[in-house]
Amino acid sequence: MQARLFWREPGFIGAGGQPDWTLMATLLGLLAGAIAMAVLGLPAHRVLRRRGRVTLAPYVLAFTAIGLAGWCAALLIASLFGPGDLRLALYMLADTVVSRPGVPLSAAVLGALVGASFWCIARPDRTAPSLRSSPSSPGDRA
Numbered sequence: 770m771q772a773r774l775f776w777r778e779p780g781f782i783g784a785g786g787q788p789d790w791t792l793m794a795t796l797l798g799l800l801a802g803a804i805a806m807a808v809l810g811l812p813a814h815r816v817l818r819r820r821g822r823v824t825l826a827p828y829v830l831a832f833t834a835i836g837l838a839g840w841c842a843a844l845l846i847a848s849l850f851g852p853g854d855l856r857l858a859l860y861m862l863a864d865t866v867v868s869r870p871g872v873p874l875s876a877a878v879l880g881a882l883v884g885a886s887f888w889c890i891a892r893p894d895r896t897a898p899s900l901r902s903s904p905s906s907p908g909d910r911a
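If you count the sequence shown from 1, you need to add 769 to reach the numbering used here.
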């Protein structure tokens, strides 16, 4: 979605190639997002659980920050494969934030949605019942 709304299509793609370009951009975005959430999201989940932050709000805030950090990292890593240097990548990053704030905002919103979804699936506020507190079989209650 972000690629469809905010990227300019390359000039060599005609009208017939547009769905292929959008599909490829979507697949690459899904791959980058999955890697970012595996590398940053799972450790964030462990840290939040260890510190006792198991409600929805800390997860949404943490994953929003991860979404923004992932977007910045993707842009900076992509600059390694281009003809420009790091200064140009930082300029492009700042220019995108100032001139098209919808791009980083969409990364933040997507991170918040992923964080809320992760919290709803993992439900860290619910603890598993302890094995010692329940009897092992109904006949053990004697």
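There's no promise every hint is true.
[To be verified] Restraint-style ranges between C-beta atoms, simulated for each label pair:
| no. | residue 1 | residue 2 | range |
| --- | --- | --- | --- |
| 1 | D789 | R822 | 13 to 21 angstroms |
| 2 | A801 | L855 | 32 to 40 angstroms |
| 3 | R815 | G853 | 19 to 27 angstroms |
| 4 | A847 | L874 | 16 to 24 angstroms |
| 5 | A794 | R895 | 36 to 44 angstroms |
| 6 | M793 | A826 | 30 to 38 angstroms |
If you're looking for bench data, these hints aren't it; they were derived computationally from the structure. Note that this is a predicted model, so its numbers are computed, not measured. By construction, the Cβ of each residue, glycine as well, lies at the ideal position given by its N, Cα and C atoms.
### Query
Which numbered hints are broken by the structure, listed smallest first?
When the structure is compared with the hints, numbers 1, 2, 3 turn out to be violated.
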